[in-house]
Amino acid sequence: MQKMETTAVDQFAELLGVQVLHRSFDEARCQLNVKDEHMNALGGVHGGVIFSLADIAFAMACNAGDAPYTGLQADIRYMSGAKDRVLFATATKVSSSKKFAHYEVVITDGLNNRVALFTSTCYRLAP
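At position 97 of the sequence shown the residue is numbered 97 (UniProt numbering), and the sequence of numbers has no breaks.
Treat the hints with care, since some could be wrong.
With a cut-off of at most 20 Å between alpha-carbon atoms, the simulated DMTMM-like pairs for lysine to aspartate or glutamate come out as follows [as the list claims (entries may be wrong)]:
{"hint": "1", "residue 1": "K93", "residue 2": "D66"}
{"hint": "2", "residue 1": "K35", "residue 2": "E104"}
{"hint": "3", "residue 1": "K98", "residue 2": "E27"}
{"hint": "4", "residue 1": "K93", "residue 2": "E27"}
{"hint": "5", "residue 1": "K99", "residue 2": "E14"}
{"hint": "6", "residue 1": "K83", "residue 2": "D109"}
{"hint": "7", "residue 1": "K93", "residue 2": "D36"}
{"hint": "8", "residue 1": "K35", "residue 2": "E14"}
{"hint": "9", "residue 1": "K93", "residue 2": "D75"}
{"hint": "10", "residue 1": "K93", "residue 2": "E104"}
{"hint": "11", "residue 1": "K35", "residue 2": "D55"}
{"hint": "12", "residue 1": "K98", "residue 2": "D66"}
{"hint": "13", "residue 1": "K93", "residue 2": "D55"}
{"hint": "14", "residue 1": "K99", "residue 2": "D26"}
{"hint": "15", "residue 1": "K35", "residue 2": "D84"}
{"hint": "16", "residue 1": "K83", "residue 2": "D26"}
{"hint": "17", "residue 1": "K98", "residue 2": "D26"}
Please keep in mind that the hints were generated in silico from the structure rather than gathered at the bench.
Please put together the full structure from these sequences, using the hints given.
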């Protein structure tokens with residue numbers, strides 16, 4: 001398996017329009033400029049879009065190291081609706097061992113309002 005360098009290998013991230021601003025095994029930051037297609041029937045950003053943005057930031061961080069990882073668990077808490085048409089997801093490594101890494105992803109809007117909190121665990125595939 002090859003190390004992920006950009007979202008070019010992640011067609012879903014490209015489809016959503018996610019931009020990777022920074023990535024390392026310790027932290028990744030992504031941005032999404034919200035389009036009309038990202039909105040739900042009530043006029044807010046769709047929860048699936050917010051979850052996907054967080055999951056992409058998580059994947060960018062945990063796969064920035066020297067070995068491929070796969071997600072084992074993910075959980076999200078929606079805190080408030082976005083008040084801006086720009087979203088940021090910052091994935092931060094909380095802890096890691098030889099085989100596992102745990103991340104917290106904070107999703108904010110362009111006005112720095114916290115929109116959601118995503119937690120996740122990944123498993124190292126290579127020895």
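Kindly indicate which numbered hints from before are broken by the structure, ordering the numbers from low to high.
2, 5, 7 and 16
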